[in-house]
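Visitor: With the hints as constraints, model all of the structure from the sequences given.
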Amino acid sequence: MIVPVMIFSINVQSPPSSQASYSAYQFCRALLRQGHNLHRVFFYQDGIYNATNLAAPPQDELDLYSEWQKLSKEHSVELVVCIAAALKRGLLNQEESIRYNKAGHNLAEGFTLGGLGQLIEAAAVSDRLITFGN
Amino acid sequence: MHKKILLISRHAPYGNSIAKDAFDAALATAIYDQDLSMLFMDDGIFQLLRDQQAQEISQKSFTSMLSALPFYDIDKLYIHQESLEQRGLTIENLIVDNATIVNSAQISNLLNHQDHILSF
Amino acid sequence: MHIIVNNQQLAVDKDGYLESLQQWNTDVATEIAQNENIQLSAAHWEIIYLLQDFYKEFEISPAMRALVKYTEKKLGPEKGKSIYLLQLFPPSPAKIASKIAGLPRPANCL
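Read top to bottom, the protein sequences are chains L, U and D. Sequence positions in the first sequence follow numbering that gives the first Met the number 0 and run 0 to 133. Sequence positions in the second sequence follow numbering that gives the first Met the number 0 and run 0 to 119. Sequence positions in the third sequence follow numbering that gives the first Met the number 0 and run 0 to 109.
The reader is advised that the hints may include incorrect statements.
[As the list claims (entries may be wrong)] In silico lysine to aspartate or glutamate, DMTMM-like type, Cα no more than 25 Å apart, as pairs: (1) D:55 / U:55; (2) U:59 / D:18; (3) D:72 / D:56.
I should point out that these hints are in silico values taken from the structure, not numbers from a laboratory.
Guide: What follows is the structure, given as structure tokens:
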């Protein structure tokens, strides 16, 4: 069977402690394996917790945090974190940490902060937008 | 690109921030000029109740916020009939008078006509 | 960072938004406007009070489109145009006018 190549974007709305985040990651891997394009992964609501660089999961559990980073590196996938959702939950990059005069910053490498417009733009240019969570 | 997007809001207005996040996503969709419809179902119906006194729990009122939708040109609003009935409510209890009441069968039809679904 | 109004220091953030919105008064508005190179006229005040009404009614700071429509509804079609608001509060009316009116900083997402 010939599957037409499609452009996907993924919206992650649940934290890394949920099955939804893990499924989102697996889904990304699967669609890339099948030759589809992954335009962007957008992290919204509690999904933003996937982007912290301060999590230290046990050694015998999957480190989803670094899996996202690997995925982004290997396939040049954009990992965009909703800036408003991130700021109110205490996830900052250096620039926002300075802007709001906070003690530190904890956005992991490979992730960027962006507006909700990035989710809508992803919907506009993608054939499929898949939401994980809630 | 101009896509037909249906945003489904299924959670109660207070208790967690899901309904507010759905509202923010709706405004963003409208601002970025997509063809947006909104469907309220399950406990999402409660967002539309009149006279919510949310300041009593230090929250913003959905009665107020949702009243701003017309100013963002968000006017395709759908309300799930069964969700309304299950909660003993009628359209008179709600702040919207221009919404379309849809039953479950009509919802499948509504979903079929979209490019994307955003579910909250 | 801070601004000084009537010999009082008021904290503002890096972009000039008041940190404590309760400190807003008309003198504060005039000072914030000056920092944006805007001399407030009656036409400006009309929009500033309109924005405050919008916030009271809807509990959100309006995006540009909503501000234009609300202005049109309240003040008529002559003023309910982006070009009119742009002349008063360049270069970004919803943001600049909200800052002067003492509304919360608009969410970055929008």
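Visitor: Does residue 55 (chain U) lie within 25 Å of residue 55 (chain D) when you go C-alpha to C-alpha?
Guide: 16 Å, holds
Visitor: Residue 59 (chain U) and residue 18 (chain D): Cα distance at most 25 Å?
Guide: 19 Å, holds
Visitor: Regarding the pair residue 72 (chain D) and residue 56 (chain D), is the alpha-carbon distance no greater than 25 Å?
Guide: Satisfied, since the Cα-Cα distance of roughly 14 Å is no more than 25 Å.
Comparing the model with each numbered hint stated earlier shows that all of them hold.
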